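2 protein chains.
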Amino acid sequence: MSHNIKEIAKLAGVSRSTASRVISGKGYASPEVRERVTAVVERLQYKPNAVARAMVSQRTHNIGVIVFRERPPIVSHPLYGKLIDSILTAAEAKGYSVFLKTDQEMSLRSTDYLLEQRVDGLILISRLRKNVIDYVKKFRIPYLMVNGSTDDPEVIHLVSDDEAGGANAATYLHGLGHRRLMIIAGPQEHRSHNLRLAGFKRGLEEKGDIEKLAVVPSPESTFEQGYRLMAENAEAFAEGGFTALFATNDMLALGAMKLLLERGWSIPGQAAVIGYDNIGLSGMYFPALTSVNVDLDAMGRDSVELLDRLIRGEPDLSKLNEYPSEIVIRQST
Amino acid sequence: MSHNIKEIAKLAGVSRSTASRVISGKGYASPEVRERVTAVVERLQYKPNAVARAMVSQRTHNIGVIVFRERPPIVSHPLYGKLIDSILTAAEAKGYSVFLKTDQEMSLRSTDYLLEQRVDGLILISRLRKNVIDYVKKFRIPYLMVNGSTDDPEVIHLVSDDEAGGANAATYLHGLGHRRLMIIAGPQEHRSHNLRLAGFKRGLEEKGDIEKLAVVPSPESTFEQGYRLMAENAEAFAEGGFTALFATNDMLALGAMKLLLERGWSIPGQAAVIGYDNIGLSGMYFPALTSVNVDLDAMGRDSVELLDRLIRGEPDLSKLNEYPSEIVIRQST
DNA sequence: TGAACGTGTGAGATCGTTCCCATACGGTTC
DNA sequence: GAACCGTATGGGAACGATCTCACACGTTCA
Numbered sequence: 000m001s002h003n004i005k006e007i008a009k010l011a012g013v014s015r016s017t018a019s020r021v022i023s024g025k026g027y028a029s030p031e032v033r034e035r036v037t038a039v040v041e042r043l044q045y046k047p048n049a050v051a052r053a054m055v056s057q058r059t060h061n062i063g064v065i066v067f068r069e070r071p072p073i074v075s076h077p078l079y080g081k082l083i084d085s086i087l088t089a090a091e092a093k094g095y096s097v098f099l100k101t102d103q104e105m106s107l108r109s110t111d112y113l114l115e116q117r118v119d120g121l122i123l124i125s126r127l128r129k130n131v132i133d134y135v136k137k138f139r140i141p142y143l144m145v146n147g148s149t150d151d152p153e154v155i156h157l158v159s160d161d162e163a164g165g166a167n168a169a170t171y172l173h174g175l176g177h178r179r180l181m182i183i184a185g186p187q188e189h190r191s192h193n194l195r196l197a198g199f200k201r202g203l204e205e206k207g208d209i210e211k212l213a214v215v216p217s218p219e220s221t222f223e224q225g226y227r228l229m230a231e232n233a234e235a236f237a238e239g240g241f242t243a244l245f246a247t248n249d250m251l252a253l254g255a256m257k258l259l260l261e262r263g264w265s266i267p268g269q270a271a272v273i274g275y276d277n278i279g280l281s282g283m284y285f286p287a288l289t290s291v292n293v294d295l296d297a298m299g300r301d302s303v304e305l306l307d308r309l310i311r312g313e314p315d316l317s318k319l320n321e322y323p324s325e326i327v328i329r330q331s332t
Numbered sequence: 000m001s002h003n004i005k006e007i008a009k010l011a012g013v014s015r016s017t018a019s020r021v022i023s024g025k026g027y028a029s030p031e032v033r034e035r036v037t038a039v040v041e042r043l044q045y046k047p048n049a050v051a052r053a054m055v056s057q058r059t060h061n062i063g064v065i066v067f068r069e070r071p072p073i074v075s076h077p078l079y080g081k082l083i084d085s086i087l088t089a090a091e092a093k094g095y096s097v098f099l100k101t102d103q104e105m106s107l108r109s110t111d112y113l114l115e116q117r118v119d120g121l122i123l124i125s126r127l128r129k130n131v132i133d134y135v136k137k138f139r140i141p142y143l144m145v146n147g148s149t150d151d152p153e154v155i156h157l158v159s160d161d162e163a164g165g166a167n168a169a170t171y172l173h174g175l176g177h178r179r180l181m182i183i184a185g186p187q188e189h190r191s192h193n194l195r196l197a198g199f200k201r202g203l204e205e206k207g208d209i210e211k212l213a214v215v216p217s218p219e220s221t222f223e224q225g226y227r228l229m230a231e232n233a234e235a236f237a238e239g240g241f242t243a244l245f246a247t248n249d250m251l252a253l254g255a256m257k258l259l260l261e262r263g264w265s266i267p268g269q270a271a272v273i274g275y276d277n278i279g280l281s282g283m284y285f286p287a288l289t290s291v292n293v294d295l296d297a298m299g300r301d302s303v304e305l306l307d308r309l310i311r312g313e314p315d316l317s318k319l320n321e322y323p324s325e326i327v328i329r330q331s332t
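Those protein sequences? They're chains A and B, same order as listed. For the first sequence, the residue numbers in numbering that gives the first Met the number 0 are 0 to 332. For the second sequence, the residue numbers in numbering that gives the first Met the number 0 are 0 to 332.
Rather than coming from a laboratory, the hints here were simulated on the basis of the structure. Source: prediction; values computed, not measured. There could be a bad hint or two in this list.
[Unchecked claim] Here are the computed lysine-lysine pairs in the DSS-like style, where the Cα-Cα straight-line distance is at most 27 angstroms:
(1) B:Lys9 x A:Lys137
(2) A:Lys136 x B:Lys5
(3) B:Lys25 x B:Lys93
(4) A:Lys5 x B:Lys136
(5) A:Lys46 x B:Lys137
Modelling step: build the complete structure from the supplied sequences, incorporating the hints.
Right, dumping it as C-alpha cells:
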C-alpha cells in the first residue's frame, strides 16, 4: 500500500520536516537520523508522492507528446514510432516522464488534457493546424514542433532538410545516367512532400539535360496509393522510356515498386527506384530500397534537449532546426 | 498563464466551494451563478488543475504502460507500435491518460517512477522477469500483462493462442501438399516462439505422413538473423528437397525469404514461406508473406478494458485471456 | 405557528509534500 | 559572559482543488 511521509516520520521518531529533508536529500540531518529514516523508507518501500511534490514545487517533471494524424497508424507508423522511441529515451535520461497522446481530429482536446495535467512542456508532432499552435501559445507553456510546418517565425521547430534531400536524390539519379524520370509526389499541402518535390526538380534543372520528366500527384502517401498510381501509370512509364522513379516517401516508393515487380520488371535493371524517409522496411525489401535518410534519432533527442532548455528558461534558442538528409544507397538503384 | 479556482471564484463573486460545484458539475448552483462562473472560466481559459484534483480524490486517471525489451526498436517495433496505438485509443475513450515508458534493463526504475506518479494502474508489455511482477504485486496496484509469459496463475495476462496458431500453420501447409518442411525457431525461452514451434510440430504429427522436418534454432528473432540463418542453411534446404519454410515470426521469415529471393529462388514456386504476427510489412512485401495474424487491436482494447475494471474493483476477472490466431493467406504460399 | 423540506451558498478541513522560520544546543570569539 | 556561529530539528503555512457540514432562505403542510 501507499504510505505517506507522516507515517515514515512517526516510525522513525522524527518530524515530517526532518523526514522530508532526508528523503529529498536537501537540508541538515544527522547521520543517525538519516539512517533511521532511510531504514523505515526501505522497510515500507515508501515511494514519495509525485503528485504532492508537483503540487508544491509547481513542476511535474512530465512532458506531453501529441501526435497529430488523421488516421492510424500513429505510433505504429514507422516514422513516428522511431521518433517516439528516441524521445522516450532522451526524456528518461533527463528525468522527464512522458504522456503520449494521439489526436486524429486536429482538436484541442488532447492539448487541454495535458494542460490540465500541468505538464512542464509539450512536443507537437506532425502536421497540425494553425489554431492548435495559437491555442498553445496562449498558455505560455514551453512547446515545440517536430516534423510539421509553420510560417510563424516564433515557433521552435525541428524538420529535415527536405529540399536539399530532394536535390540530392536528383543529382544521384542523374549521376547514374538517368535522363527520363517519373516522380510520384505525395500531398503537396504537406511541407515535406512539397519540398522534396521542389528540391528534386531543382536538382534536375541544374543539370539541364533531362529528356523527360513526369510528375504523378498522389493525394495520399500510403503504400496502397503508390501501388495504385503505379498501376495506372505503368504503361505510360514503359512507353515513355522512363528509367527511374522517385517517390516523395518510402511507402509510395515501395507500393510502386511492388507493382513493378509483380508485372515482372527487373529493378534496378529496367527501372531504378528511390524513396525518402529510410524507414526500417526499406532495407528489408527485395530489392532493398535506396532512400534519403531522415535523422529521426537526432530529431527526437534534440527535441527533448531543446524543450528542457525552454523549460529551464534559457533564452535565444534557435527557432528553425534543420537536419541533413543523406542518401542510403541500396539495391534498387 | 495558469489561474486557480480561487481567482475564478473571486472574479465571479462567489466562494471557492460554489465555483468548484459549477466547474465540476456536481452540487447545487443557481442558473445565474452558474452562468457567471462559466463566463469567467471561458474568459480566462481556466483549466482545472488535475494535480490538485488527484491530490484530494486519490485518483489520477492516469495509467502507466511499460514496454520491456532489451533493445530498440521498442515503440517502433511493428508489434508493440500497433499494440500501443490500440491502447492509446482505448485509454482516451475511457478518460485515462497514458504514461509511456520503455525499460531496456528489465529494472524496476520505470515501475518506481510510475508508482511515484500514483498511476491508477499498470500495463506491462512483453517479457519481463519474475522479480518485476513480484515487485509490482507488493504495491497492490492494479496491473496486467500483455504478450508476456508467467506461471503465476494470479496474474491477469493477455496473449495470443500461439500453440493453436502454430498448429494451424502446419495444417495449412500440409493441405497444400508440403511434406518436407524446415522451421526457423526463434528463442525458445520466449513463450510465443516456444508455443508456435510446439504447435506447429503437433499439427504435423497429427497428419503423420511428414517425410522430413528440420528445425533451425535462432537465438534472436530479427530480420538479420533470419537472413543469416537462411544463408547458412540454403544448401541443406535445397539438398534436402524441402518445399516449405515456417518461421516463428515474420521478421525471421522475411529475412529468410529475402535471402532466397536474392539467390534466385522463386516463391512460392520452389519454396513456400509462412510467418507469424502478420506485421504491416508482410502484406507489402513481394511476394506478400502469408502469416498467422495476432489480434493486437483486440488485445490493446481489452487490456485497457480489463485494467479499468480492475481499477474500479470489479471482482472475478478472467486471468488468462487468449486470442485466436488466424492465417492470412498471401502470395508466399 | 412552526416543523420539515428543497434549494443555494460559504467556511473550514483535507489530500502529501516542501519550505520558511523559530528554536535549541555546543563551541568560538571578543 | 554576551554575542555569534554552525548544526540539527520541528511547527505551521502553502500548493489548488474537493467535500462535509452548517446555515439561510422560501415554500409547504399539519
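Results of checking the hints against the structure:
{"no.": "1", "hint": "B:Lys9 x A:Lys137", "verdict": "22 angstroms, holds"}
{"no.": "2", "hint": "A:Lys136 x B:Lys5", "verdict": "24 angstroms, holds"}
{"no.": "3", "hint": "B:Lys25 x B:Lys93", "verdict": "20 angstroms, holds"}
{"no.": "4", "hint": "A:Lys5 x B:Lys136", "verdict": "24 angstroms, holds"}
{"no.": "5", "hint": "A:Lys46 x B:Lys137", "verdict": "12 angstroms, holds"}
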